[in-house]
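Chains as they are written, first to last, in the working numbering: chain X, 1 to 102; chain F, 1 to 102; chain D, 1 to 607; chain R, 1 to 423.
It should be emphasised that the hints constitute simulated quantities derived from the structure, not laboratory data.
Cβ coordinates follow ideal geometry from the N, Cα and C atoms, glycine included.
It is possible that some hints are incorrect.
Below are the BS3-like pairs computed for lysine-lysine, each with C-alpha atoms no more than 30 angstroms apart in a straight line [stated by the list, open to error]: (1) Lys521/D <-> Lys157/R; (2) Lys86/F <-> Lys4/X; (3) Lys62/F <-> Lys36/F; (4) Lys592/D <-> Lys64/X.
Just a sample of chain F residues kept apart from chain X, beta carbon distances all over 12 angstroms, derived [claimed, not checked]: (5) Asp23; (6) Lys62; (7) Asp84.
Label pairs and their computed distance ranges (CB to CB) [to be verified]: (8) Ser306/R <-> Lys78/F: 17 to 27 angstroms; (9) Lys78/F <-> Ile74/X: 56 to 66 angstroms; (10) Glu501/D <-> Lys62/X: 53 to 63 angstroms; (11) Tyr275/D <-> Val249/R: 49 to 59 angstroms; (12) Glu501/D <-> Glu239/R: 46 to 56 angstroms; (13) Asp172/D <-> Ser308/R: 27 to 37 angstroms; (14) Val186/R <-> Tyr275/D: 29 to 39 angstroms; (15) Tyr234/D <-> Leu86/R: 28 to 38 angstroms; (16) Ser306/R <-> Leu157/D: 24 to 34 angstroms; (17) Ser417/D <-> Pro3/X: 51 to 61 angstroms.
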Amino acid sequence: RRPKPCSLRELELTVSELGLGYDSDETLLLRYCSGKCLEHRQNYDLTMDHMVRTGFKKKGRKDKVSNGPCCRPIAYEKQFSFQDNKHLHHTVRNMSAKNCGC
Amino acid sequence: RRPKPCSLRELELTVSELGLGYDSDETLLLRYCSGKCLEHRQNYDLTMDHMVRTGFKKKGRKDKVSNGPCCRPIAYEKQFSFQDNKHLHHTVRNMSAKNCGC
Amino acid sequence: ATGLYFPQKEYFETVYVGQVAGTPILQVHAMLDSNSEQPRYYLCRTSSTIRHSSWFHLDVKTGILSLNKTLEENDFALSNQPSWSVKKLVLLAMVSKKPQCKNPTRITLDFVNATLPHCAQTDLKELCFPHRDTSNPHIMENRFPGALRQLRRLTRLHVCPNYTVSYHVESDTPAPFAVDENTTELVVTAPLDREESECYRLLLVCTVRTETFITKLDASLDVFVNDEDDNAPYVNGTDTADIIISFNRTKDGSFGALFVFDRDLTPIFPIDQPYNKYVWTLLNNDTWINETFDIKGTFSEKKAAVGGIRETVHDYQLVLKRNLVVTENRTVQLDFMVNDTTYPGLEGKVLLHFNVIILPVHIRFNNVTHMFTLTRRASLYAQVGRVCVENCQQFDGFRVTYRLEVPDKNASVEVQSCYTAIGITQAPDEMWGLLYVNDTEALRRPECEDLQYIVVAQEEHTQLEASTQIHIILDAEANKASQESQRFLSCSANRRRGDCESVRGLGATTGRCQWRQGSEKGISENYSTCSPDLRTCPDSFCDAVESKDPSICPQDCTKETVTGGHERGLRNGIQAGYGTCYCYSERCFCEKEDIEEAICDDMCKTI
Amino acid sequence: SGSPGSPGTGSGPGAQPEWVDCIQASDMCNQNAYCSSRYRVMRQCLVGKEKEAMLDNNRECQAALEVLLVSPLYDCRCKRGMKKELQCLQNYWTIHMGLTEDGDMDDSSPYEPVAPSRHHDAFRLASISSGMLTVAPKGFQCVDAEKNCNPCLDAAKACNLNNSCKRQRSAYIATCSKEDTNKGEVCSQKRCHKALRQFLDRVPPEFSHRLLFCPCQSEGCAERRRQTIVPECSYKDKEKPNCLEHRRVCRQDSLCRSRLADYMVNCEVTPQTVSTCPNQDNHQACLASYARLIGTEMTPNYVDNSFSNWTVSPWCSCKGSGNQEEECSNFLREFTDNTCLRNAIQAFGYGLDNMQNKNASVPGPSATTKTGSDWTTAPSEHPFVIIHKYPDPSEVGLGKTRGLPEDHSACLCANVWALVPAL
């Protein structure tokens, strides 16, 4: 199967489950980016792919490099506000992706 | 020690060692990007970090996501031309990084 | 006739400070072109020679250049050339007074800031021969005997008064040259013939006698013979060529070859010079012939077998000025006259003939029923096969198009709808039709069992038609084929055999994509890839069906840049690739898949 | 003394005169009403096809030329690689086109004359004040002697490790190997030539000359050297023109005409002197002038991948020269049989650490002197200085027939001196 291309995904969860330390049972639709960016690779990426596998080792290098463009948010939902279980209001910025790109 | 920030690195190697399939003893300075992008993270990244460790498993999700901006070339050397060992000329585009960014 | 001319284009000599007015420097020679000519020598008055030409005098009759004044120190300082010890004075001499300086000979004098060396300081060689070699003389053939060069070095005439200097000329092959003992001029003693010898290698022997010794010194001199158009064209062999024009009848097509020889030279420099120029004229006044045919004449230089003398070969071919219609059927004889325009004699013309037979081209299929087998599981754009009228591969100059027709026009609507299953297409520059799957739904319908079509071929211009029957035999049961999903992706997107052979790809003749496993190490034409049909993709040719959709065979058709080690096809596509080549729509990559089943890194485990 | 704008006399005979460039000279002329009007007339005379006739018998053109002869424009020169080089050259030819009466005569070079090479020792590469500075390349010693030594590959490696050289080299290779799809041709020769000129202008000779003149002892190395300028695009054409026609076309372009004249001046085999190159064996000037021909209509290249007796030539032949075959062959031999150029290239190749190359069997250039009737090949005791028994005009270039090894076609052969023993 052809690897899924980079796209926006959704997951419903509570604020507490975000792992940012807030305690609130409010739920939200967390949007995030996942998938492959194979189509956007350049010769650089193919070279890095080879270097990561064998090239760097032969040259005694241990650098960590990315062998392809990353599937990342190219825009965020500006902010998300909620009331925690102690009825205090909080606003979290750039927490959910608006759209994704390689 | 503080992890090395995302920066341009250099490595001298032959064209054959690039792993693109060209057979040429010419050498070049391959420039690539390596290093961490910790300072550029957003709430999104912290959330993803958490979701990758535990969050997604709880929700039965197996999506692969990146938990931080990638250290990537933001500009490439336009082209690199050389003569292979059969004296044919080749030009490879976007194979070496010009500068890096997160 | 060229008129009086200088056989020698350049003279060199050295002049010194202190040489007095009247000192002879050198002698220029012009040769006659006709008996009545009488050379008159003049110095050219041009802007570049104005400054110093007045220092010199050129004798009108003898061509002897001498000093008009004594050369002083400040004469030397006057000319502002960069060099410090020797300065160059250039003069131009012409023969017979004309307003402007036409075909001059160039005299280059090295003006030395010192006095003339005395006898003791003068090397014998300096007495005998000019300091710097002069250019080799070029004598026009068929002309008159005459002097072509003064051998004595005039500037050294009186340097060693008690030496006597004399010359004679030798040559290992007989050469009509001698030295005039009184004037010490080198003389050509008879008209020359370039077609016999293009150049004479002479040995000039200078004998210096004093009371005590005799010394001989020699220097070789090449005398070239210039050509003039004194040979008529001739045919060596046949003056007639038989030509048959049949399948290839395209505009600008060239046919046949007739050769005309000329022992004279035909220079190609400067480009449009008239010398030994050949023209041809078509003698037929039949308008059809004049509108249809042209003659193309080219020439080349070759060396004669004997003596290696250069000569010219003219090559004439018949050229079509327009495409010929397929029905054209006629026999014509073309007569054309080739004329050596600069040959003075009467026989400067040669008559040549082309006997031309133009055969009609029959648009017909060879009488065999074309059978094709096809699986009902074939994907959209799967190629079924080719149809082509007889000899179509050799056609040029006209176009045959193909269309499919239903054999039974009154068949039921259901039966009629089956016929959308197959289509036919054709590339602009191809002469055959390609059959392909046009509607997979119709292909899978159980009632669409027996697909028989009429293929009609039509010649575009004359509308002549021919038709034949084709029979497409469908294998595999209809219902099984219909269950498989109809969505077709591009086979080329698959990077591994497993994925490739398990999916239905666009253009897949068997319904499944086909994997080609390359074996070579580096970048090779036999790269691994996933293809809809290995017979036609990849074959470095983006055919008419493949160009209908970029996803069918991007390996042959992509115009985008290819990433990874590769060599581009002539027009587009991938000629050779490294490891496995795969494409996401038109964006193609070639990279090594280290292990047959690519490393399933942690990424693919989680998905 | 001499006209204004002519080279300053400077002090002492050996001093290098300071040249006015032809852009300054034309500005000076334009500031003088008398001069500028004649200059305009002169430009009119040179426009259009019948410029020879105009110059020959048009009174106004003649008068204009006479005035300009004493203007700064007469002695102006151009600096190699200067800004607005082409405009400077065009100004130069505006005057000097009117002076060269006969189309075939060699032009004088519009570039500043080259100072004599300071070190006559052929192993010290001189740096030349006229802009052709050369730092001795790092040497061609092979990194490991056993492996096939390929100085041309080393030259490519050195270039690739220098940012500017790598970028410029990639630029011209990419341009020269790119298909010109709209014309359906292998490439665009015009764009390729421009990219090559840019490479040679912008990259220091220590890199560019090393790529062009690396010494080879194997066919692989020689083929790499031949391919350096991507000859399929920059050099070859469908057919080979006649060399006189090729020269005529070159002379219609100011840049090509200038660089051909510069090559002829700086690589002219000098008669009567021990050295083979002008300006006291200034090899560097010759190499630079040869290299600057690359990228013009007269682009020269190695004709094959032979390494022992390589030959360079422009893309032309002497077929179809008619009565001018001798002149055509003489012109072609300025490239194919030029001892100054040959020595300069070999000196560049082996010129450095000759101790390093002691053991390497380096086929030193054979000194061919003609005694008696046959050619003898005497390995000269000093690889690059050819000692003549006495300066022999005919042997090293008399007039137009260079004293060059015998060419076996009909009569196009060298003049030879032979001393016939006294009776």
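Item to check | Beta-carbon spacing of Ser417/D to Pro3/X - inside the hinted bounds 51 to 61 angstroms or not | outcome: violated (39 angstroms)
Checklist entry - Taking 27 to 37 angstroms as the hint, is the beta-carbon distance of Asp172/D and Ser308/R inside that range? => result Given about 32 angstroms between the Cβ atoms, the range holds.
Next on the checklist: Can you tell me whether the CB distance of Glu501/D to Glu239/R sits inside 46 to 56 angstroms?
Outcome noted: holds (52 angstroms)
Checklist entry - Asp23/F: least C-beta distance to chain X exceeds 12 angstroms? => result With a cut-off of 12 angstroms, Asp23/F remains clear of chain X, as the shortest Cβ separation is near 14 angstroms.
Item to check | Outcome for the supplied range 53 to 63 angstroms, where the beta carbon pair is Glu501/D and Lys62/X | outcome: violated (39 angstroms)
Next on the checklist: Against the range 24 to 34 angstroms, how does the distance between the Cβ atoms of Ser306/R and Leu157/D compare: consistent or not?
Outcome noted: violated (51 angstroms)
Next on the checklist: Please verify whether Lys62/F and Lys36/F have alpha carbons no more than 30 angstroms apart.
Outcome noted: holds (25 angstroms)
Item to check | 29 to 39 angstroms as the expected CB spacing between Tyr275/D and Val186/R, which holds or is violated | outcome: Roughly 35 angstroms apart at Cβ, these two residues keep to the hinted range, so it holds.
Item to check | Minimum Cβ-Cβ distance from Asp84/F to chain X exceeds 12 angstroms | outcome: At about 15 angstroms from chain X, Asp84/F clears the 12 angstroms cut-off, so the statement holds.
Item to check | Satisfaction of the hinted span 28 to 38 angstroms by the C-beta atoms belonging to Tyr234/D and Leu86/R | outcome: Since the Cβ atoms of Tyr234/D and Leu86/R sit about 51 angstroms apart, the hinted range of 28 to 38 angstroms is violated.
Next on the checklist: Checking one constraint from the list: CA of Lys521/D to CA of Lys157/R, max 30 angstroms. Satisfied?
Outcome noted: holds (24 angstroms)
Item to check | Outcome of range test on Cβ distance (Lys78/F, Ile74/X; 56 to 66 angstroms) | outcome: About 24 angstroms separates the Cβ atoms of Lys78/F and Ile74/X, which means 56 to 66 angstroms is violated.
When each numbered hint is compared with the structure, violations occur for hints 2, 6, 8, 9, 10, 11, 15, 16, 17.
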